[in-house]
Each structure stands twice: as C-alpha cells, then as structure tokens.
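*Asks:* So the sequences go chain by chain: A and B. Quick note on numbering: the first sequence equals residues 1 to 158 in the numbering used here. Quick note on numbering: the second sequence equals residues 159 to 877 in the numbering used here.
These aren't lab readings, by the way, just hints derived from the structure by calculation. Check the hints yourself; a few may be wrong.
Unchecked claim - Calculated cross-link-like contacts (lysine-lysine; reagent style DSS-like; alpha-carbon spacing at most 30 Å):
| no. | chain 1 | residue 1 | chain 2 | residue 2 |
| --- | --- | --- | --- | --- |
| 1 | B | LYS760 | A | LYS33 |
| 2 | A | LYS90 | B | LYS760 |
| 3 | A | LYS145 | B | LYS760 |
| 4 | B | LYS780 | A | LYS120 |
| 5 | B | LYS802 | A | LYS145 |
| 6 | A | LYS15 | B | LYS461 |
| 7 | B | LYS588 | A | LYS33 |
| 8 | A | LYS120 | B | LYS589 |
| 9 | B | LYS461 | B | LYS780 |
| 10 | A | LYS155 | A | LYS120 |
| 11 | B | LYS780 | A | LYS145 |
Claimed, not checked - Not close to chain A: a few residues of chain B, all C-beta gaps over 12 Å, as computed:
| no. | residue |
| --- | --- |
| 12 | GLY234 |
| 13 | ALA245 |
| 14 | ASP274 |
| 15 | ASN321 |
| 16 | GLU346 |
| 17 | TRP460 |
| 18 | HIS465 |
| 19 | THR564 |
| 20 | LYS589 |
| 21 | GLU600 |
| 22 | GLN621 |
| 23 | GLY785 |
Said to hold, decoys possible - Per the computed footprint, the stretches of chain B lying under chain A, defined by three or more beta-carbons under 8 Å from a beta-carbon of chain A, are:
| no. | stretch |
| --- | --- |
| 24 | 295-308 |
| 25 | 368-380 |
| 26 | 515-521 |
The beta-carbon is built from N, C-alpha and C at its ideal position, and this holds for glycine as well.
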Amino acid sequence: MNTDVQFILNGKEQKVSTDNRRSLLEVLRETLKLTGTKYGCGEGQCRACTVLVDGKPVASCQLTMDEVTGRKVETIEGLSIGGELHPVQKAFVQEQAMQCGYCVPGMIMATVGLLRRIPKPTRAQILEGLNGNICRCCGYVNLLKAVERAAKSSKEPK
Amino acid sequence: MNSRQDHLEFAEPERYELHEGPFYHFQISRREFVAVLGAGVVISVAVPRAFGQRAGRGGGGGVASLAQRLHIGADGLITVFTSKVEAGQGARTQLTQAAAEELHVPVERVRLVMGDTAGPDDGGTAGSRTTPASVPTIRKACAAARQLLIDVAATAFQVDPKNLSVVDGKVIGLGPADSFRYADLAAEKHAGVLKREAAQGVALPDAGQWKILGTPLPRVGAIEIVTGAHAYPSDILRPGMVYGKILRPVSYGARLEQIDLGAAREMPGVTALQDGDFVGFTAPTSFEAEQARDAAAKTATWKKADHPSSDELYAHLRARVADRGRTDKKGSLEEAFQSARQVLRESYNIAYIQHTPMEPRAAVAEWNGEDLTVWTGSQQPAGVRQGLAQSLRIPASRVRVIVPDTGGGFGGKHSGEVAVEAARLALAAKKPVSVRWSREEEFTWAYFRPAGVIDVAGGLNEQGELIAWQHVNFNSGNSAIGTPYAIPSVSTEFRPCDQPLRSGSYRGLASTANTFARESFMDELAAAAGADPLEFRLRHLKNDRLRAVLLAAATRFGWREAWKKNSARQSTGIGLACGIEKGSYMACCAKIEVNPSDGTFKVLNVVEAFECGAIQNPSNLKAQVEGAILMGLGGALTEEMRFKEGRMLNARFSRYRVPRFRDVPEIQTILVNRPDLPSVGAGETPIIGIAPAIGNALFHAVQMRLRTMPLRTGKLQVA
C-alpha cells in the first residue's frame, strides 16, 4: 500500500512512493540511500538519527512518512555546500570530536539545530540541547569543545 | 542456537574470550547451493588472495613477503594491509603514523586497508594488543620497504647503499640528475622486488628519534565522518540488496516447537526461511521484513526453559562454581591470618552489563558463485570467516570478510552471529542481504560482560601493615587479580561459574571487577588501620611506575590537603584507586557531592594519571583516557542488565542508563610519557579506576560502603 509522499529534502523537492508508516530514518537510509543518518536505538533515546525538520532537530526514527509530508528535511548530506564544510562540521574536525564517529552526524545536526535557535548558547543550554545525543565512546569532552567552538563562530541573526 | 556450549579458556590469563560452537546448526543441502549458483558450474578458484596467505594466529610475524603487507602505487601512494580494525580506538591513525614513520613519507601518502581477510592476519583487535604487537610489525615491514628502496636505487645507480637515505619518499644521496622514489618501485622492471622476503635486522629508531609517531596526528578519515560519507558496516549498499530480519526466541533457552511461514511467504518480495532453529525473513525494505517476521511470530509456539532472575544472580553464581580455574599463592596465608591483629572479610558483586556500541551488529552478505563476501563490524575478521565457513560448511578459502571502520566495539564485537545470519539469508534470497540488529537485539542477544562475585580478606598486624591478602573471583575473570601491593602472604583464585548469560570480552573486563574489589577493600583496610588511604597504599607499594602515577594524580588533585581538611562527616567526599593492567599504570582520584535531602550524589571532578610507556599519539591517548573514565562512569553508577523469566527487563536506552553530556564531571588527565619504555596499549586500562574511586569517595562522605557495581543502594541514588 504505497502512497506518494512529497517533502523538501536538503532544499530540493523529493517524492517517494512508500508505505507511509515507515520511519523517515528508514526511507532516508534504504530508499534514498542517504546513509549518513544513523540508526542507534529506534526509540528516540540516542539521537544518532537526528535530522532537521522545519529547522528543528528531530529523531528521524520517531517520525513516520505521513508526518513528513510537505515538510523541510535537512540531513548531514545536505550540510556542506560545494565541498565546503559547514562551520559545525569544521569545528568537529578541529576539536577531533569523534572516536568511532557513528554518533557524529546526529551530534552535528543537533548542534546546527541548537545554534539556529540559540546562536550563543550558555554551557547549560549546550548540555540541554545535546543531552539527548549519546556517544558510547564517551568522547563528550571533545564533543563539548566542538560545540563550544562552533558556537563561537556562529552569528546572531540580524 | 540454544544447544551450544560456552567454553572459557584461560591459556592467556589476560583474556576472557568467548569460545563457542557455531551459533546456528544449519541443514543446508548441496542442492540448495546448486539451486542458487546454477547447476554445472563448478568454480574452483578461491577468493582472490591478492595480498598473500593467512599467517600464523595472532602474531603477524608469519607474513613472508613485503608484497603481502604493502602495495606501492605508480602514484606513490603506499597501501598497508593489516587485519586490525578501527572501531573508534584510533588504530587507523596510529598504524598510519607507524607506517609513515618508517617509510619516511608524509602520512598523506599512506593508506591503510584494515580488517580484510584477503590481507595478512595480524590477529583480532583485542587485549590492547595493537600498540605493543601490530605497531612494531607494521614498522618492521615499512622499514624493510625503505631499505629495499635504497637497495634497488643503489643497484640501479651503482652507488653504495650506505650513502643513501630516504626523505619524503625520495632517495637522497644519488647523483644530481638522478631520482628514485617509491613510485619507481612500482615500475615494471622492478616488479617482483616486493615479493622478496622482508629484510631482517633493519633497526627501528627509539621513541626519542620519532618524527611522526609521538605527535598528535588528527584522526585519519575525519572528513568522511563529519560529512556522513563514511560507510559503516550498517551503511554498506550492494546492487539488488534486500533487508533481513531474524525471529528471536521469546526467552533465553526457549525452543521453537512450531511456526507457520505461510502468511509471511504471501507478502510481496518476501523470502521466509526456516533452517533448524533459525527463522529469518528478507524483503525489499526493513519495514516489510519486520512485518513478515511479526506475522510469522504470531503463529509460533515455544517451549520455554527455566532461567534465573537477576535478583537472585549472585546466589545463583555461588551455587554453580566450576572445578576449573586458577589459583596463585605466595607465603603462608593461614599463618598470616592467625598472627594478624585484625582480619577483615568482604564480598563485592559485579553486574552483567552490555557494551551497547552506537552501531549495533550489522552485516551485508553477497554470494558470487560459491564465493562469499561479508562486510561486517567485528573485532575478529578471521574468526568471523572461520565461523561462516563452519556454519555454512564451505571452505574458509571461499569466504572473505571485510570490516569497514566500525561504530564501536569495546570488546563486544568478537563474534560473528550477524554475519552468519546475513550469509544464510543471502543464500535463501539469492540476493545480497543486509542484516542490522535492533538496539533491543543488541541488548538481549549480544554477549555480556560477565557478572561476578568477589570475596576479599585482609589481615593487618600491630603496626597497621597488611600481612595477608586473599582474593577469590567467581566468574568475572582472572586479569589483574593479583595485588600490586607488597604483602608477604597472598592467595588469589579465579573460578568460573555455570552462568545464565552468554559472556565475553569487554573493555578492561576482569580488571575492572578485580580492581573495584581490591581498591575498595584497600580503602576499608586503610580505615581499619586509621590511615589516609593514599599513605596506606604508598606504605605497601614498591612498584615505581605505579607509585609515580599515584603520586602524580594525588598531587594534581590536592589529595593530602583535601583529606586533612575533610575528615569529618560531610556532603562531599574524595576517593582514589590505582592499578596495573595490560602493562600500563593508572591512578584515579574523584570528588563527589551528596545531596543530603534526597540521598542522591554526583561526581564533581576526576583526576586520572596514566602511563603506557612511550606515547605514540598524545591526542588520541587523551581521548581514550577521557572516554574510558566516562564509559567507566556508566558501569560504576547505572549500568546493569536486569532479567526475569528469561527476558531482559531493560533492553533499551530508556531503561538502561548510559553516560550522557550532563553526567560529565570536570576531568583532568595526566599522561605520563616514558620514551625510555616500550609502548603498550591504552584503550582499556584507564577504565578500571573510576568505580572504586567513586565508591571510596562515597564512603568518605557518608560512611556508607557500597560493594556492588553499579554502586547502588535503596537509599542512595545517582543524581
């Protein structure tokens, strides 16, 4: 029972014919072959699957395709433009904020979402914004440095 | 998969390795292979073995020629092959440094192919062995390649090789118009030189002369990670690939009596397979494969087996102690206890925990003729290959296992169940199949860090000196069971138990348990002797390297002043612990704060000093130490698998609390560099001190002794 689901993916119109009960995560990874977004728990607890929906960080494992219709979805693949890394990606590289790296796409998307909402977050706001994202290598020290570095370079909206 | 026997072997006391028979006993018939592969076609060529044969187990010294270790491209790019895998611990970066160091080329010119059974076998990635074993192996091969470059250049240009050296991949010392580089070795006239046996006796420079090793080289492959481009095992896509799901037993030990696959088979695009205890499904999407599995599950009947509850775990273990094990004795324990002024005896319990790497087990299997290729996340590619060959009853030479850089392991990915599942389903579906375990499957069906019970006894003489020490570990492993303290009479004993859960390796597994018991008990003895826990330890510590890290951590922490200042009952407490494991030395100090109104506590700050010989990559080492402290916080405070009637009660992150951003205390690491000493691994040992340091700090704060990992009581809870 496939239906056509239309949404905006990384700035472009996207149409998928799918069972609309499937999760956005599964459709991104299996149907659209965008494997940068990771499965970690399937219950929205680890946030490895974080994408931005209408600019806000969302666990894509918790969103079914019928909930995605007409919305703006941004994934890790849409972040760097023309080969130029996004400032948050740069900050993660500069601070070596990765061990196995599997949580990193979700961490980066959560950070991008946080900085869009609060360009200059306090330490408490960073902890609040990122606490849902688990890193099992527990590379939290460098991850925090990366988010703080990214926050330094982010600009207040005019 | 329930009939298999688990065996633990202790040939190497450092290991607690899962040894088990095939995970599944398949009944695949020859006819099924023929059906898949087409009758009449007999393919006798094995998997291409471009890079040589499998060497001896584990050592890596068995690689006969440089061609098996190195490939030199016409573009000057040098590819180095190793069976070691990258799972976040930094092996790729460190081995790249090792190769570049000896080849005398920039790191950008070295590429590592890791974890591919088509390459040489350096053993699995375990036991902190990459640094002490594989780094020297790679360095020797690369030094030999450099010498070969010099020798070939010397012959070609008729100069004395003694006058030549290699800088930046180029031979220096030739005539002004002459040039010779690694890329020139790739030219046809030199083809074959790499097939020579590796020259022996090329000297490796000491740490003092290192140019690339010893530097904080950033992680190789970082760009692919931050862009999401790196394909982890669960990201591998193959043409025509379908997705697989497995029907799991309803409880531990349950046997399938009956199942009807009819409804599943009617679903479009679904392949349903029952082979012995194995029932699996494939479909074009995971969603459809799950629907097929769930439809079939409704028709299944199971015969359940008795299984103990985690509430009765420790009594269960004590009642099932095996005859085998290991005992080490020094002096006369009985006499020493009799002559002691004071004897203390306590027991410590260690819970089962899961590794829960961010990437659950995943594999893609693809058949090509009779050859099987499997991409999977495993720390033991050669072991997975053997397991596939055994389960599918095909020669290992027809199986190639490739381990893409993997989303975490922590000792949890030594087994190859998921690879076998994908391969079996791919045979049935006649298509490449991707099987990716769910988090719940990973929590339930992956093997666990073993639970254990540890009994410790100590005797103090009139002067408050420790004269007798007894340490008995039931089931949680032998590593680091010996005390590093100088005590005249000592007995240590490890006894495995007939345990309810499948158990295997974990980051610093047995050492974490044994260090928790020993360092907690040392604190209890110090209190009994009326001594500062630091002074009490130092009084019994003759090992210079351990003393050095203990003093380094205590000094940075300000231990002596803090202990003097804070000796009464209070809301904050300080604790410390130290230990030796896998040749490296660790000391950890922690400060905690108890909230008297609700009995919760939190860890405020941690200072850890660590020494593993000559440091090969300080930034990676720092990350490993920090990560180990924080991962250890989970085992210390919250992580515990709970089960009842054969079912896991907390097989999900919402019920199994792992450390998060808000749990991170202030951390200071002291990396003690000893360029005069050989480098040893560092991924495990830094984890062992945090639990006893926190437990001891808790005692200091509220005089309450918690003797379980995780540290939990009815009254005191983690904030």
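*Asks:* Hint by hint, say whether it matches the structure.
*Replies:* Results of checking the hints against the structure:
For the suggested pair B:LYS760 and A:LYS33, the alpha carbons sit about 43 Å apart, so the restraint of at most 30 Å is broken. With a C-alpha separation of about 33 Å, the suggested pairing of A:LYS90 with B:LYS760 is violated against the 30 Å cut-off. A C-alpha spacing of about 22 Å is found between A:LYS145 and B:LYS760, which places the hinted pair at or below 30 Å, so the restraint holds. Simply put, B:LYS780 and A:LYS120 have alpha-carbon atoms about 28 Å apart, close enough for the 30 Å limit, and the pair holds.
This hinted pair does not check out: B:LYS802 and A:LYS145 have alpha carbons roughly 42 Å apart, beyond 30 Å. The hinted pair formed by A:LYS15 and B:LYS461 fails the criterion: a straight-line CA distance of about 47 Å is larger than 30 Å. In summary, the hint linking B:LYS588 to A:LYS33 is supported, as the alpha carbons are separated by about 21 Å, within the 30 Å threshold. The suggested pairing of A:LYS120 with B:LYS589 is violated, with an alpha-carbon distance near 50 Å, which exceeds 30 Å.
As the CA atoms of B:LYS461 and B:LYS780 are separated by approximately 50 Å, the hinted pair breaks the 30 Å bound. With a C-alpha separation of about 8 Å, the suggested pair A:LYS155 and A:LYS120 falls inside the 30 Å cut-off, and the hint holds. Restraint check for B:LYS780 and A:LYS145: the C-alpha separation of about 14 Å stays at or below 30 Å, so the hint holds. Every Cβ of chain A is farther than 12 Å from the Cβ of B:GLY234; the closest lies at roughly 24 Å, confirming the non-interface assignment.
Non-interface call for B:ALA245 relative to chain A: violated, since the shortest CB-CB distance, roughly 6 Å, does not exceed 12 Å. With a least CB separation of 19 Å from chain A, B:ASP274 remains clear of the 12 Å interface cut-off, as annotated. For B:ASN321, the requirement that its beta carbon stay farther than 12 Å from each beta carbon of chain A is met, with the minimum near 41 Å. With a least beta-carbon separation of about 36 Å from chain A, B:GLU346 lies farther than 12 Å from that chain, consistent with its non-interface assignment.
Listed as a non-interface residue, B:TRP460 keeps its Cβ farther than 12 Å from every Cβ of chain A; the least gap is roughly 24 Å. With a least beta-carbon separation of about 25 Å from chain A, B:HIS465 lies farther than 12 Å from that chain, consistent with its non-interface assignment. In this structure B:THR564 is not separated from chain A by more than 12 Å, as the shortest Cβ-Cβ distance comes to only about 7 Å. Annotated as non-interface, B:LYS589 keeps its C-beta farther than 12 Å from every C-beta of chain A; the closest such distance is 14 Å.
Once the 12 Å rule is applied to beta carbons, B:GLU600 is inconsistent with being away from chain A; the minimum gap is 9 Å. Listed as a non-interface residue, B:GLN621 keeps its Cβ farther than 12 Å from every Cβ of chain A; the least gap is roughly 42 Å. Residue placement check: B:GLY785 does not keep its beta carbon more than 12 Å from all beta carbons of chain A (closest about 4 Å). For the stretch 295-308 of chain B, the assignment as covered by chain A is violated, since 0 residues bring a beta-carbon within under 8 Å of that chain's beta-carbons and 3 are needed.
Under a criterion of three residues with beta carbons nearer than 8 Å to beta carbons of chain A, the stated coverage of the stretch 368-380 of chain B is upheld, 4 such residues being counted. Look at the stretch 515-521 of chain B against chain A: 4 of its residues bring a Cβ nearer than 8 Å to a Cβ of that chain, three or more, so the hint holds.
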